[in-house]
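Make a model of the complete structure from these sequences and hints.
Protein chains in written order, with the UniProt record's numbering: chain C, 1 to 382; chain H, 1 to 382.
Bear in mind the hints are in silico, worked out from the structure with no lab data behind them. Everything numeric in this text was worked out from a predicted model, so none of it was measured.
Beta-carbon label-pair distances, calculated as ranges:
#1 H:Thr-27 / C:Pro-188: 50 to 58 Å
#2 C:Glu-372 / H:Asp-146: 44 to 52 Å
#3 H:Arg-22 / C:Pro-178: 41 to 49 Å
#4 H:Arg-373 / C:Pro-188: 45 to 53 Å
#5 H:Ile-15 / C:Arg-97: 54 to 62 Å
#6 H:Pro-271 / C:Pro-190: 50 to 58 Å
The C-beta atom is built at its ideal place from N, Cα and C for all residues, glycine as well.
Protein chains: 2
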Amino acid sequence: MGQLTGGDPSLLRRINSAVVLRALRGTRHSSLTELVGMTGLSRPTVEGAVDGLVEAGLVVEVEPEPQDNRRQGRPARRYRFHAESGHLLGVEVGVHRVHTLLSDLSGRLLGSHTRQVAESASAEDRLGLLDQVVTELLQRAGVARDTLRAVGVGTPGIVEANGTVRLCTALPGWTELPLGERLRGAFPCPVLVENDANLAAVAERWKGAAAGSDDLVFVLAGLSPGAGSLINGRIHRGHGGAAGEIGALHLLGLGATPERLLSTTGQPLHPLDENAVTEVFRLAREGDPVAGSAVDRFVGRLVQDVGALVVALDPEVVVVGGWAAGLDDVLEPLRTRLARCCLRPPRVELSALGDAAITTGALRLALDHVEERFSAVGAAAP
Amino acid sequence: MGQLTGGDPSLLRRINSAVVLRALRGTRHSSLTELVGMTGLSRPTVEGAVDGLVEAGLVVEVEPEPQDNRRQGRPARRYRFHAESGHLLGVEVGVHRVHTLLSDLSGRLLGSHTRQVAESASAEDRLGLLDQVVTELLQRAGVARDTLRAVGVGTPGIVEANGTVRLCTALPGWTELPLGERLRGAFPCPVLVENDANLAAVAERWKGAAAGSDDLVFVLAGLSPGAGSLINGRIHRGHGGAAGEIGALHLLGLGATPERLLSTTGQPLHPLDENAVTEVFRLAREGDPVAGSAVDRFVGRLVQDVGALVVALDPEVVVVGGWAAGLDDVLEPLRTRLARCCLRPPRVELSALGDAAITTGALRLALDHVEERFSAVGAAAP
Numbered sequence: 001m002g003q004l005t006g007g008d009p010s011l012l013r014r015i016n017s018a019v020v021l022r023a024l025r026g027t028r029h030s031s032l033t034e035l036v037g038m039t040g041l042s043r044p045t046v047e048g049a050v051d052g053l054v055e056a057g058l059v060v061e062v063e064p065e066p067q068d069n070r071r072q073g074r075p076a077r078r079y080r081f082h083a084e085s086g087h088l089l090g091v092e093v094g095v096h097r098v099h100t101l102l103s104d105l106s107g108r109l110l111g112s113h114t115r116q117v118a119e120s121a122s123a124e125d126r127l128g129l130l131d132q133v134v135t136e137l138l139q140r141a142g143v144a145r146d147t148l149r150a151v152g153v154g155t156p157g158i159v160e161a162n163g164t165v166r167l168c169t170a171l172p173g174w175t176e177l178p179l180g181e182r183l184r185g186a187f188p189c190p191v192l193v194e195n196d197a198n199l200a201a202v203a204e205r206w207k208g209a210a211a212g213s214d215d216l217v218f219v220l221a222g223l224s225p226g227a228g229s230l231i232n233g234r235i236h237r238g239h240g241g242a243a244g245e246i247g248a249l250h251l252l253g254l255g256a257t258p259e260r261l262l263s264t265t266g267q268p269l270h271p272l273d274e275n276a277v278t279e280v281f282r283l284a285r286e287g288d289p290v291a292g293s294a295v296d297r298f299v300g301r302l303v304q305d306v307g308a309l310v311v312a313l314d315p316e317v318v319v320v321g322g323w324a325a326g327l328d329d330v331l332e333p334l335r336t337r338l339a340r341c342c343l344r345p346p347r348v349e350l351s352a353l354g355d356a357a358i359t360t361g362a363l364r365l366a367l368d369h370v371e372e373r374f375s376a377v378g379a380a381a382p
Numbered sequence: 001m002g003q004l005t006g007g008d009p010s011l012l013r014r015i016n017s018a019v020v021l022r023a024l025r026g027t028r029h030s031s032l033t034e035l036v037g038m039t040g041l042s043r044p045t046v047e048g049a050v051d052g053l054v055e056a057g058l059v060v061e062v063e064p065e066p067q068d069n070r071r072q073g074r075p076a077r078r079y080r081f082h083a084e085s086g087h088l089l090g091v092e093v094g095v096h097r098v099h100t101l102l103s104d105l106s107g108r109l110l111g112s113h114t115r116q117v118a119e120s121a122s123a124e125d126r127l128g129l130l131d132q133v134v135t136e137l138l139q140r141a142g143v144a145r146d147t148l149r150a151v152g153v154g155t156p157g158i159v160e161a162n163g164t165v166r167l168c169t170a171l172p173g174w175t176e177l178p179l180g181e182r183l184r185g186a187f188p189c190p191v192l193v194e195n196d197a198n199l200a201a202v203a204e205r206w207k208g209a210a211a212g213s214d215d216l217v218f219v220l221a222g223l224s225p226g227a228g229s230l231i232n233g234r235i236h237r238g239h240g241g242a243a244g245e246i247g248a249l250h251l252l253g254l255g256a257t258p259e260r261l262l263s264t265t266g267q268p269l270h271p272l273d274e275n276a277v278t279e280v281f282r283l284a285r286e287g288d289p290v291a292g293s294a295v296d297r298f299v300g301r302l303v304q305d306v307g308a309l310v311v312a313l314d315p316e317v318v319v320v321g322g323w324a325a326g327l328d329d330v331l332e333p334l335r336t337r338l339a340r341c342c343l344r345p346p347r348v349e350l351s352a353l354g355d356a357a358i359t360t361g362a363l364r365l366a367l368d369h370v371e372e373r374f375s376a377v378g379a380a381a382p
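Right, dumping it as structure tokens:
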């Protein structure tokens, strides 16, 4: 296998430091002897790495537990990952609300906060509210802003790699907004911006209805349908970031818009009014025939949208989510009709995370970022 | 950067051998001095590697060119990749024909051969014909079967990783045929089986209408529509190998089958008769109004099929191919209507390889396989 020799000695130190940190992140706490066993490194090397990580604030010594005193001699020192030494935020900037989640560096949730916003709010107002929601959340949780290590942000629309929104029809003033750049000024850490449906897909794989699946489609069903997909466990954005933008498929002659299909009055619903959707679902469930027909028409289009994604991608799982309540009624018709047209029909599941899916995915994005840095040579012990 | 030490000395020899072979494959011929310059290896190392590659038959010494004699002194020995030391086959097993291409190890074409087959032919008959076509091609080209180093095979249907056809409605007896296993018995080398539309996508990227693009969709338009896609330059098969199987999308209510849409008589076309499709296209171009309406209906469905793929995948290029002549008429309507429904419309191109697309992709699959082996440590010098 050979050995790395003749290189930068500090490189080797940093690799060892990352290995020890990884071992500690996988356990509640460990002694030096246990770390030697887990890492295969020599005891002096482990000691040196732990000292460096303690100095960097990423590892702390654990207070001895009471029963240790009953044993003979001095108990072995134990160390743990200092997850509370830094914090992560997941943020959803939506049509009607700004929603945030706060966690420590292990992804453990420490709090959440939401504020409603008018759908007509300007970009500046929405950005101002975002800052206010974050400030309030950090205050309530007693967390200092300068302990933030990464922020994930979900937004509707096509998002470029640098966080600029290339196109967004749902939020006023959002198209061409350099969202990433604007937010980077407000936080002491990297800010990662991603399409909302893509983040929901990430979240359902992390702790939702698609846990453990590497190939999945998340469908944001409702008045402005969208979709995000993971292929081999990674977000599929497409050549220009527009993958999954099913919102305009009706222009291909695949049927009318959801707000027309769901109408019970002859007049289309307001295109951003998900409460009206909930109401139509409720009436249909109570047996209202007009609402029932409306839901049937809506499902007809949803089947076509999802069918297009399934035939193109052949995912293992399709997760259906969205803002309106009552979506579980669409699962059975979706399953039945997909089975008819797909050579290999996928599993179809309801979102397990509901309206926390986007923020949860945003938090996972932030967590991925810091975990990558912990594993990267050189990042563990600054 | 460190050095590999303490390992297997033959490992280092084999790595050096692969490096020298790679350098020779990138040039017409080279002297030892030039190889030293290209590889950064020492002259004795290069000499040793070249000797080993000559012994293995992968490299030959080049005869000195006449003008070399005019110079003073003995000309430097020159070496080249022995591309004709082995051969590759690309095979298409289709509804109506078996088509093959033969090349040397550099991918240079040495011949092609086709035989027609009845669409009702049994699997055994089709496999027998495949063997006959290959035998005839090798005989004509004066190439011995035992010089074959890899065979790529394209077939309709869903193909599993081991080369078994999981599902194929177009060829009788083809579903659940262990095609890879059957062919492996007939060839002295690896046989790689792949879905036909996937191979056409590979081919159009290699030397066709999508040269240089890593994100593309190839649409096999016609009576049994199918599609293959590359994402980041690699075939996207989907979770169960069914990605791109657009043939049954009409069951979602996206319109009738192509054989009904293209009918000019009220009776559907025979579902495998691509000549009839060519005839309808010809009549439409000559101004026949009934044929014109038929083509319009056909384009309507094609737009929906392609739109589904584009919205799900967001490719850079869509390449349209198929067996019927006259397909270029569908490009403009396709471009216009995709521009209407896609947030980022792709380029739309006609296949540059026509009915050689599938075999060309199959040949590229075989070439990829041997190139990978040449680069793999240990494979270059046996």
